[in-house]
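Colleague: Here are the chains, one letter per residue:
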Amino acid sequence: MPAGTLYRGREGMWSWVAHRVTGVLIFFFLFAHVLDTALVRVSPESYDTVIATYKTPLVNLMEYGLTAAILFHALNGLRVIAVDFWSRGPRLQKQMLWTVVGVWVVLMAGAFYPILEHTLLSWFGK
Amino acid sequence: MAADTNETLVVPSVHAHTGQGLGTGNPADAFVVEPPRARTKKTPRRTRTNFEMLAWLFMRLSGVLLVVLILGHLLIMLVLDGGVSKINFAFVAGRWASPFWQGWDLLMLWLAMLHGSNGMRTVINDYAEKDSTRLWLKTLMGAATVFTVLLGTLVIFTFDPNI
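Each protein sequence line maps, in turn, to chains A and B.
Take 1 as the starting number for the first sequence in the numbering used here and just add one per residue.
Take 1001 as the starting number for the second sequence in the numbering used here and just add one per residue.
Think of the hints as simulated: they come from the structure by calculation, not from any bench.
A virtual CB, placed ideally from N, CA and C, is assigned to each residue, including glycine.
Certain hints may be false.
Unchecked claim - Partner residues aside, some chain A positions facing chain B, computed with beta carbon under 7 Å:
| hint | residue |
| --- | --- |
| 1 | F29 |
| 2 | F31 |
| 3 | A38 |
| 4 | D48 |
| 5 | I51 |
| 6 | K55 |
| 7 | P57 |
| 8 | E63 |
| 9 | I81 |
| 10 | W98 |
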């Protein structure tokens, strides 16, 4: 039986897809974030009210997810720059992607407690 | 077969447009490839500039700066000193009392919005197939971008801690 004809690119294609998806997600968050910060111009109370939603468990978890998206987009973006400007970049693109994934895993593990501390302390106490 | 390949003429890529080396022998094939980047008076105005190259370069330069600006922002806001717990109006007022952090946030706002909107422009160009759909999506996205950048800039410059 012949293999399917759907293009299944390897590291190159999937990192491109992930870069795109994380980029769009971050852009939409950015709109919301500028709008919520603009409430400091309205009153301290309205700003503190909207920031209170940032401290709920669900949104706190979404902040961890946002950090995941931003960290991947940042590290993979540096890889894209290396592919474009470094003479050995194109040949080492796969190795650089796995380096990006490795650094991302380490940083995300390190960020887990500090970012979710607020929720974890409210659930399990000090 | 071997005899055929031996007669293949190899020409440098700068001569590609002459059709030399294609070996068809048909004069109609002499100009199969346009000379790259040749600009004439008939070139449409929008392709006479290097806009796409400059946009490509901007994504890389702003990207490097944004890695520092945004990862620093996340570190201060979400990681250090209790994470999100400490954020409130007083915390923002304390930071924006310093021109350094005002400048940091202003640069981050402008670079992130321009980097993001140019990325969205690429995505819209890729997936919206109808000309009118592309135009509308980009117009809407551009308007939202201009509004957000101006609003954010206004907020940073007119912030009043004693409001």
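Colleague: Need the list of violated hint numbers for this structure, in ascending order.
Modeller: Structure breaks hints 1, 7, 10.
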